[in-house]
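Engineer: Here is how the chains run, residue by residue.
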Amino acid sequence: MNNVCENEMKLEFLSKSSNEAFARITVAAFASQLDPTIEELADIKTAVSEAVTNSIIHAYEGKVGLVKIVCQIIEGCIQIEISDTGKGIEDIEIAKQPLYTSKPDLERSGMGFTIMESFMDELKIESIVGLGTKITMKKNIKKAFD
Amino acid sequence: MDWKYEKEDKLLTLTLTGEIDHHTAEKIRRKVDYEIQRYMPKKTIFDFAYVNFMDSAGIGLLIGRYKMVTMLRRNTRNIKCKT
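Each protein sequence line maps, in turn, to chains W and C. The first sequence begins at 2 in this note's numbering and counts up by one. The second sequence begins at 13 in this note's numbering and counts up by one.
Do not rely on the hints blindly, as some may be mistaken.
If the Cβ cut is set under 8 Å, some of the chain C residues that face chain W in the computed set are [what the hints assert, rightly or not]:
1. Leu23
2. Thr27
3. Glu31
4. His34
5. Asp45
6. Glu47
7. Gln49
8. Tyr51
9. Met52
10. Val63
11. Ala69
12. Gly72
13. Gly76
Restraint ranges, calculated between C-beta atoms of paired labels, are given here [what the hints assert, rightly or not]:
14. W:Glu13 to C:Ala61: 32 to 40 Å
15. W:Ser119 to C:Arg42: 50 to 58 Å
16. C:Gly30 to W:Gly131: 53 to 61 Å
17. C:Tyr51 to W:Lys125: 25 to 33 Å
These are computed hints drawn from the structure, not numbers from a lab. These figures come from a predicted structure and were not determined experimentally. We treat Cβ as the ideally placed atom computed from N, Cα and C, and that holds for glycine.
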C-alpha cells in the first residue's frame, strides 16, 4: 500500500452505543467528497456501524474504552481503519462465519462481518487476544474514475 | 415507533421510523414487546418504509421478535415485513 494518500481524517471516541450514529455519519460525510451514490454511502455507513458495534459490544463488553477510526482517500478509494484495544478475537475464521455470534443472548444476528465483507470491496481483520482488534476496509467509489 | 391494532383481524401493524442500530434497537425492542404482549395479535406486520438506516442489530431484533411470537403462539408464522 504505497499509494499516495490524498486525504485523511482521524476520529477517536468512547465506546458508548450513542456514538455509533456519530461514527457512521462522520465517515459518510468524509466519504462524500468522492461523490459516491446513495447506495455506496449506505454500504459504508452500515459497514462502519457493524465494526463500531463489534468494538463496543465484543471488544470492550460494556466497559469504556476508546474506538479509533482512521479514514484515507487513496486513488478514488476510501480506506477505513477501525481499531480498539479491547479483548481481541480468538478465532477470526469462526467469527467471520455468517450467523455466528458469541453473544446469542443479546439477540445479535451474527451478520456483522458478513455485512462488512459483502458491502465493502476489501476487508482485513487483525487481532491479538488481550490487546485489541483492527479492521481495515476498502471501497472503490466508481464515480471518481469517470 | 407507531402502532395500529385492528381488533377484528387481530392484526398489529408496527411502523418503525428513523435509524435502527445497536443503540436504538434496545428501545424499539422494549416497545415492540410491550405492544405484542398487550394485544396478543394473531398477525404482526413490521413496516420498514420509514426506516432510513438499519444494520445487523435490526436483523437480530426481527429474529428475536419472530422467536418470541412463535413462543406465544406455537406453529404460526405470523410476522410479515413490509418495506
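Engineer: Against this structure, judge whether each hint is valid.
Structural biologist: Each hint tested on the structure:
1. Annotation: interface hint on Leu23 of chain C violated; nearest CB of chain W at approximately 24 Å, more than 8 Å.
2. Checking Thr27 of chain C against chain W by beta carbon gives a least distance of about 20 Å; that is not within 8 Å, so the hint is violated.
3. Checking Glu31 of chain C against chain W: minimum C-beta separation of about 6 Å stays under 8 Å; hint holds.
4. Among the interface hints, the one on His34 of chain C holds; its C-beta lies about 4 Å from the nearest C-beta in chain W, closer than the 8 Å criterion.
5. With a cut of 8 Å, the hint placing Asp45 of chain C at the interface with chain W is violated, because the nearest CB-to-CB distance is about 11 Å.
6. Contact between Glu47 of chain C and chain W, as hinted, is not supported at the beta carbon level, the nearest pair being about 17 Å apart and thus beyond 8 Å.
7. A least Cβ separation of about 16 Å between Gln49 of chain C and chain W goes past the 8 Å threshold, and the interface hint is therefore violated.
8. Nearest Cβ of chain W to the Cβ of Tyr51 of chain C: about 21 Å, over the 8 Å cut. The hint is violated.
9. Hint status for Met52 of chain C: violated, given a least beta-carbon distance of 21 Å to chain W, over 8 Å.
10. For Val63 of chain C, the interface hint is violated, since its Cβ never comes within 8 Å of a Cβ in chain W; the closest pair sits about 12 Å apart.
11. Evaluation of the Ala69 of chain C hint against chain W yields a held restraint, the C-beta minimum of about 7 Å falling below 8 Å.
12. Look at Gly72 of chain C: its Cβ gets to within about 4 Å of chain W, closer than 8 Å, so that hint holds up.
13. The interface hint given for Gly76 of chain C is met, as the beta carbon of that residue sits about 4 Å from the closest beta carbon of chain W, less than 8 Å.
14. At roughly 36 Å, the beta carbons of Glu13 of chain W and Ala61 of chain C sit within the given window of 32 to 40 Å.
15. As the Cβ distance of Ser119 of chain W to Arg42 of chain C is approximately 30 Å, the hint placing it in 50 to 58 Å is violated.
16. In this structure the supplied range 53 to 61 Å is violated for Gly30 of chain C paired with Gly131 of chain W, their Cβ-Cβ distance being about 37 Å.
17. The supplied range of 25 to 33 Å is broken by Tyr51 of chain C and Lys125 of chain W, whose beta-carbon atoms lie about 47 Å from each other.
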